[in-house]
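**Q** Residue-level listing of the chains:
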Amino acid sequence: MSRELHIVGFQVGRETYGVPITSLHEIVRVPEITAVPDAPDYLEGVINLRGKIVSVMDLRKRFGEKQAAAKRTNRILVVEHAGRLAGLIVDSASEVLKIPADAVEAPPAVFQEGGLNCVTGLGKVSGRLIVLLDMSKLLAPASLVSKGESEDKKTAAKAGAR
Amino acid sequence: MSNSPDERGVELRELFYETSQELVQALNEEALKLEKNPADEEIVRSIRRTVHTLKGDSAACGLRELSELAHQFEDALSLESAASHAAVAEIAFATADIFSEMIAAYRNGTKLPATKALSKKIQELTSAPKNGKTRGKKTAGKTSKSKESTGKASVSKLASKADAQWTEYERLAMSKAQASGQDVLHVVTKIDAHCAMPIAGRQLVHNAIGTMGPVIAVRPDAKSPAAAKFIEFVVATVQTPEQIAAKCKIPTIVEEVSVEVLLHANAAPQPVEPEASSEAGAHDADAATEMTLPEPSTAAMLPAGSIPVPQENLLRVEAGRIDNVLNLVGELIIGKSMLQQALNEFTKRFPKEALRGKFADAMAFQARVLNDLQRSVMKIRMVPVDQLFRRFPRMVRDVARQCGREVELAVSGQDTDLDKGILDAIAEPLTHLVRNAISHGIESPEERRKLGKPSQGIVRLNAYHQGNQVIVEVTDDGRGIDVAKIRTKAFELGLTTPEEASKMSELEALNFIFRPGFSTAEQVTEVSGRGVGMDVVQSVLHRLKASISVDTRLGQGTTFRLKLPLTLAIIKALLFWVEQRLYAIPLNAVLEIARTFEGEVHQVDNYEVLQLRNQVLPLLRLGRPAPEGDRKTKLFVLIITVSEKKYGLIVDALEGEEELVIKALDEQTFSTDLVSGASILGDGRVVLILNLPAVVEHVARLRPQEMGQANSGLLLTHTDRMRLALTPEVGGQV
Chain D
123 MSRELHIVGF QVGRETYGVP ITSLHEIVRV PEITAVPDAP DYLEGVINLR
173 GKIVSVMDLR KRFGEKQAAA KRTNRILVVE HAGRLAGLIV DSASEVLKIP
223 ADAVEAPPAV FQEGGLNCVT GLGKVSGRLI VLLDMSKLLA PASLVSKGES
273 EDKKTAAKAG AR
Chain F
265 MSNSPDERGV ELRELFYETS QELVQALNEE ALKLEKNPAD EEIVRSIRRT
315 VHTLKGDSAA CGLRELSELA HQFEDALSLE SAASHAAVAE IAFATADIFS
365 EMIAAYRNGT KLPATKALSK KIQELTSAPK NGKTRGKKTA GKTSKSKEST
415 GKASVSKLAS KADAQWTEYE RLAMSKAQAS GQDVLHVVTK IDAHCAMPIA
465 GRQLVHNAIG TMGPVIAVRP DAKSPAAAKF IEFVVATVQT PEQIAAKCKI
515 PTIVEEVSVE VLLHANAAPQ PVEPEASSEA GAHDADAATE MTLPEPSTAA
565 MLPAGSIPVP QENLLRVEAG RIDNVLNLVG ELIIGKSMLQ QALNEFTKRF
615 PKEALRGKFA DAMAFQARVL NDLQRSVMKI RMVPVDQLFR RFPRMVRDVA
665 RQCGREVELA VSGQDTDLDK GILDAIAEPL THLVRNAISH GIESPEERRK
715 LGKPSQGIVR LNAYHQGNQV IVEVTDDGRG IDVAKIRTKA FELGLTTPEE
765 ASKMSELEAL NFIFRPGFST AEQVTEVSGR GVGMDVVQSV LHRLKASISV
815 DTRLGQGTTF RLKLPLTLAI IKALLFWVEQ RLYAIPLNAV LEIARTFEGE
865 VHQVDNYEVL QLRNQVLPLL RLGRPAPEGD RKTKLFVLII TVSEKKYGLI
915 VDALEGEEEL VIKALDEQTF STDLVSGASI LGDGRVVLIL NLPAVVEHVA
965 RLRPQEMGQA NSGLLLTHTD RMRLALTPEV GGQV
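Residue numbers (this note's numbering), protein chains in the order written: chain D, 123 to 284; chain F, 265 to 998.
Honestly, the hints are just simulated from the structure, not real lab data. Just so it is clear, CB atoms sit at the ideal spot from N, CA and C, and this is done for glycine as well. Worth double-checking, as some hints may not be accurate.
[Claimed, not checked] Calculated cross-link-like contacts (lysine-lysine; reagent style DSSO-like; alpha-carbon spacing at most 30 Å):
#1 F/K513 <-> D/K174
#2 F/K384 <-> F/K454
#3 F/K767 <-> F/K600
#4 F/K297 <-> F/K600
#5 F/K643 <-> F/K927
#6 D/K259 <-> F/K910
#7 F/K836 <-> F/K910
#8 D/K174 <-> F/K909
#9 F/K643 <-> F/K767
#10 F/K300 <-> D/K174
#11 F/K767 <-> D/K174
#12 F/K896 <-> F/K910
#13 F/K300 <-> F/K384
#14 F/K384 <-> D/K174
[To be verified] Okay, the calculated bits of chain D under chain F, using three or more residues with CB under 8 Å as the criterion:
#15 170-182
#16 216-225
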């Protein structure tokens, strides 16, 4: 009687990631995004989701990709966390996966140090590896701020160099 | 009515917490009055009524400690031989404090404050303790009449609240009935909470009472929600109260009945009432008579609303529900602009179509109704500032006493309406300003006499409408702020250089008192007289998109003027483009729109400025830096005012004016303070609303040497900056 986890899988770069289906609100095409000044670069801006203002984060940039080209398959995963909605831009959203709970391994310790503390585990489905994400960590203001600051410094350094 | 008793208890308590605040407030006000007119017995009675209501209410909620204390105090007050009334006022203040502490403790489930010292004081007030005991019996006697004490208390609560609410017509009918030899009885029936059809039950009770004599008044109105809980009648009859009570007690409908004699028949001698309740009845009747008899002088002396009378046409609604309606109205406004846009397109495509006029008419009509709707909903949220101002007399008295000042508080404009949310938010800043005015502004009585001022200082609270804003002023006639000292201090703290300080206008120098850190230095508060926590005041006002200005004259006094928006939800805004993105700013911050050329922009100290007529305005370039060598490009400059100072915003293009429904950005993800909110336009686009004070501050914070072209590019995102940095012909022109 092993429990199964229901996971929505999506691609960012070459990897497949997964979030629990319960935290997903909906998946939408990428609409026009209004950029917000003074925000870290992986925060794309805000969108109008049927009259609600939802902030959108580019997961590709969040995971370190520098140039993220817009593609037709791009989607926004609207997730609900702690009563608020947030959008995540992904390369494509593919499938709903059922992973037995015992097929999930704890993330390697190196992830924790590398600023990727939003990974809760690695799931194995028919030979593929799914990186499971923890919404609360991904959207936690603390992780965003520290990341944002380091980005700020980088850009500042760049600007200075020029 | 299917709520479990538990739920009802919780509901009742919530209601009590709300109403009790008002009662404590009323108690404070009455005590203040008593302090001024110690001989006025009417005030003592009014205090007693307030305490009585509080007692009944708290007992109904099972808050034993509070009701006991209230009871004790009420007893002490009901003695005509109570000690000097000044002492009563003192104790009333202390009691009010303890009450509010207790209420807070009940609410938060924390430990109750100690009441021993207070009850001792109250006992001292009671010169004849025997009498107090009989009063104690009185309650006991009354209790025996009903099954449970809580139930009784709730009835008595209803009764006591109702005392003042008879109309003139009803009072007239009462005295007529009295003259014709009938007793006028006040009957309160509590409808059984489990009664399936309370409204039908109500009719049954009404009929039953009708058989006893003419019914003069019925409360509450059948349509009011309270109608299902209790009914009050005033009936003129020759029957005894017991007979009435027996008649009314209809099983399964009426839980309990209490009958009081309001007016005894004139002809008959005072009948000796049977039963233990007689004394209570007589006593309560006395109290009631005082209120019901048309006594214009007394009525005039009671400030309107000082006793919370449950008026039938008054609703207590959760603020969240109103916000919900306001949100929906906001959506409708978005819908309206969608329609408007569709119509514009339609007009363009079919300029000759006759249907166009019909559409336009219908839309104009809809727009008008929508406007009214919006205003009405916003009005629901509006409350008179009096709700806030009435807290101050007590505070002023206490602070003045602490600081050894003689202060009179003058309040005006208390009918001015303000959004409830804003009112709640400014309570703290305003308290702070008033406290400052007394402790730092007003001089000690001796000093004032030496200066030739009356020894009593005046602190004035004023509120009024001005255009789309509400102004709240705190004025004192004290020593004023010494601007020279602020300059010195600002220099000492390294906030400015002596040259800068000397160039600064008085207004600019005064702005230093709002700087965080500036206020905490102790000498400053002593020499300049202002400061502690002024940055807190400022930050609250920033959040509200409100501003504050100071007006001071050395030796004559200071005025702090808060300019508050009427509402937080909807603003008229000016929309413009910067870097292909749409932004909005509140229209009331815009003074004018100027058009100019790049060539007209001058550089002073690395700041860009513009000469407009005979003024020099600092410019804020929101987009990318000015392209070098280009002197012909046309520019739009929005002239704005932020805290009394003018700035020019350089924008790329203008879009127009629109009503925006403000929606909050997710503060947890966007930590920026440049943007105060977002809104959705008719075509679904999202527009960001700029927070002007923050924008101005951002520029001011950058020192010239660090910035190069610092007053540009504020609204660029990181991606923009990177892009610009990569194309040197546009960006890197330092």
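**Q** Does each hint fit the structure? Answer for all of them.
**A** Against the structure, the hints come out as follows:
About 55 Å separates the Cα atoms of F/K513 and D/K174, which puts this hinted pair outside 30 Å; it is violated. Between F/K384 and F/K454, the direct Cα distance comes to roughly 36 Å. Violation of the 30 Å bound is thereby established for this hinted pair. Our distance criterion of 30 Å between C-alpha atoms is broken by F/K767 and F/K600, whose separation comes to about 51 Å. In summary, the hint linking F/K297 to F/K600 is not supported, as the alpha carbons are separated by about 53 Å, beyond the 30 Å threshold.
Proposed proximity of F/K643 and F/K927 is supported: the alpha carbons are some 20 Å apart, at most 30 Å. Straight-line distance between C-alpha atoms of D/K259 and F/K910 comes to about 44 Å, which puts the hinted pair past the 30 Å bound. This hinted pair checks out: F/K836 and F/K910 have alpha carbons roughly 20 Å apart, not beyond 30 Å. Distance check on the hinted pair: D/K174 and F/K909 sit about 35 Å apart at the alpha-carbon level, beyond 30 Å; violated.
A distance of roughly 46 Å separates the Cα atoms of F/K643 and F/K767; the hinted pair therefore is violated under the 30 Å criterion. With a C-alpha separation of about 55 Å, the suggested pair F/K300 and D/K174 falls outside the 30 Å cut-off, and the hint is violated. Between F/K767 and D/K174 the CA atoms are separated by roughly 48 Å; this puts the pair beyond 30 Å, and the hint is violated. A distance of roughly 25 Å separates the Cα atoms of F/K896 and F/K910; the hinted pair therefore holds under the 30 Å criterion.
A threshold of 30 Å between alpha carbons decides the hint, and for F/K300 with F/K384 the separation of about 25 Å falls inside it, so the pair holds. Taken as a hint, the F/K384 and D/K174 pair is broken in the structure, with Cα atoms around 59 Å apart against an allowance of 30 Å. With a cut-off of 8 Å between beta carbons, the segment 170-182 of chain D has 7 residues touching chain F; three or more are needed, and the interface restraint holds. Counting residues of the segment 216-225 of chain D whose beta carbon lies closer than 8 Å to any beta carbon of chain F gives 0, which falls below the threshold of three, so the coverage claim is violated.
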